[in-house]
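Protein chains: 2
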Amino acid sequence: MISKPATRLDSDATPADVRNACRTGQHTTHTAGLAPGYAQANLVVVPKDLAYDFLVFCHRNPKPCPLLDVTDMGNPEPVQTAPGADLRSDLPRYRVFRHGELVEETTDISDYWDDSMAGFLLGCSFTFEQAMQQAGIPVRHLDAGTVVPMYRTNIACTPAGPFTGEMVVSMRMIPAEHVVRAVEVTSRYPAVHGSPVHIGDPEIIGIKDLNDYAWGDAPVSEPGDVPVFWACGVTPQSIAMQIKPDLMITHAPGCMFVTDLPIHQLSAR
Amino acid sequence: MISKPATRLDSDATPADVRNACRTGQHTTHTAGLAPGYAQANLVVVPKDLAYDFLVFCHRNPKPCPLLDVTDMGNPEPVQTAPGADLRSDLPRYRVFRHGELVEETTDISDYWDDSMAGFLLGCSFTFEQAMQQAGIPVRHLDAGTVVPMYRTNIACTPAGPFTGEMVVSMRMIPAEHVVRAVEVTSRYPAVHGSPVHIGDPEIIGIKDLNDYAWGDAPVSEPGDVPVFWACGVTPQSIAMQIKPDLMITHAPGCMFVTDLPIHQLSAR
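Protein chains in written order, with this note's numbering: chain A, 2 to 270; chain B, 2 to 270.
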């Protein structure tokens, strides 16, 4: 339910405006295009007994899990990326999983949060797509107005505690003459998945058919395009659904946390 | 006590040779110059109730605490930097602190390690000094055969749980015409402290007198040199001594963990 027109947040809304609209229930849908120029993030919330292992998993798998911020145990404030914000209410919509099953979609997780919860914000590919466009590289699914296709692969993540499984990737068809530049541009943004994990033949990473995607929309391509694959922030959710933790909370698809970090500050040294 | 001549490990010793000599008690002193070309690391071991907070502290303070590897809870094997190695025995010498006080210096910490301990390996400036020398930048203390001077500063680290305090820095006098190049070269190695935290006037970061250093040896300089300051891996030890954890174990000064990571693999993307 959206109690005010979505256009209220168009154009000039700051990250704080977006978060406030989420907190007050005025914005409960996608964040794509909101507060342009600021990094958006995937959210993962786990209880204390999994927090160390998940943090180690992020350290060992920085491409699928580029950690932008992590909370002190029990504190819902992301102090580094949006001081004063509240991860329990400042996203449009959340998904609550118990034992690997989706049990609720909600706009506020205060009832689930206590001193034993920790929140993790992972960089999101929205950010490097803007950088690619600014570099003159066509981003086909944005031009077509669709969601990028995502796939399960045979690329094993480095395990940590109970977290073990295969990487999820997103795929963008890139004109052959722009592929090297696409590597260069995204390499500058390790905090939002960074450089690709694979270029070319999908079968090498265990994808038999590009039309058999697991999330998102169908691929968009033109003659002369090459498939390029980046590690995807859906990876930890995909793995968690396999290991079935007692409780895990994530953002709802497309309903990201909008940080105060200007995208240009994310570029690597 | 050194049961075999130290020269046994000169020249051709591999990282595994060094670790094996530590494990068998044949090498119990400094590691400077051993297994050249491979990254060496600071060790921090803390019990479970501090492990999450320390890992968050490393994430929030990547310059003083560049995390090269972290163990699964209770597992002494650094799986990413030296598979098969054992952090309980493979360093020459350890220091055991209880409530902020040094209680033992030992060559093996197996008696302290149990399922509730976690080990952290932090990048060490030995690595970027090699890169500076290869770039033709004089490294004065290496030429003089002394230890780099280290200082407490007024630069606040970003707190995490109980971990809070000021950054420790190392200082190198760099010829003015090489300062920009020194920033460029070390920027390529964020995993071993990366670019400097300050250039020039020491007072700005709370250092009144360069001859009043807290660790290491006196500064070595020549006319036209500029003081350049890098975040130092002594920071977590300095902070832990202030917050007085029940138990914390580190390497003994200069007695680092020798990893299997070629230095060239540490350069930033």
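The set of hints was computed from the structure by calculation and includes no laboratory data.
Just so you know, not all the hints are guaranteed correct.
One copy or two, it doesn't matter: identical chains are merged, so the pair holds either way.
[Claimed, not checked] Here are the simulated SDA-like pairs of lysine to any residue, each with C-alpha atoms no more than 25 Å apart in a straight line:
1) 209 / 85
2) 245 / 27
3) 64 / 238
4) 64 / 200
5) 49 / 246
6) 49 / 216
7) 49 / 76
8) 49 / 176
9) 49 / 102
10) 49 / 111
11) 64 / 189
Going through the hints against the structure:
Taking CA atoms no more than 25 Å apart as the test, residue 209 paired with residue 85 passes in neither setting, with 46 Å inside one copy and 35 Å between copies. Proximity of residue 245 and residue 27 under a CA criterion of 25 Å is satisfied in neither setting, with 33 Å inside one chain copy and 47 Å between copies. For the identical chains of this complex, residue 64 and residue 238 are intra-copy neighbours only, at 15 Å inside a copy versus 30 Å across copies, given an alpha-carbon limit of 25 Å. With identical chains, the CA atoms of residue 64 and residue 200 are at most 25 Å apart within one copy only, with a shortest distance of 15 Å there and 32 Å across copies.
Within a single copy, residue 49 and residue 246 get their C-alpha atoms as close as 12 Å, and across copies as close as 20 Å, so both meet the 25 Å cut-off. Proximity of residue 49 and residue 216 under a CA criterion of 25 Å is satisfied in neither setting, with 29 Å inside one chain copy and 37 Å between copies. Taking the shortest alpha-carbon separations for residue 49 and residue 76, both the intra-copy value of 12 Å and the inter-copy value of 19 Å come in at or below 25 Å. When the C-alpha separation of residue 49 and residue 176 is checked against a cutoff of 25 Å, the pair qualifies neither within a copy, at 45 Å, nor between copies, at 50 Å.
For the homomeric pair residue 49 and residue 102, the shortest alpha-carbon distance inside one copy (20 Å) is at most 25 Å, but the shortest distance between copies (29 Å) is not. Only within a single protomer do residue 49 and residue 111 lie at most 25 Å apart by alpha-carbon distance; the minimum there is 16 Å, versus 27 Å between protomers. Taking the shortest Cα distances, residue 64 and residue 189 sit within 25 Å of each other both inside one copy (13 Å) and across copies (18 Å).
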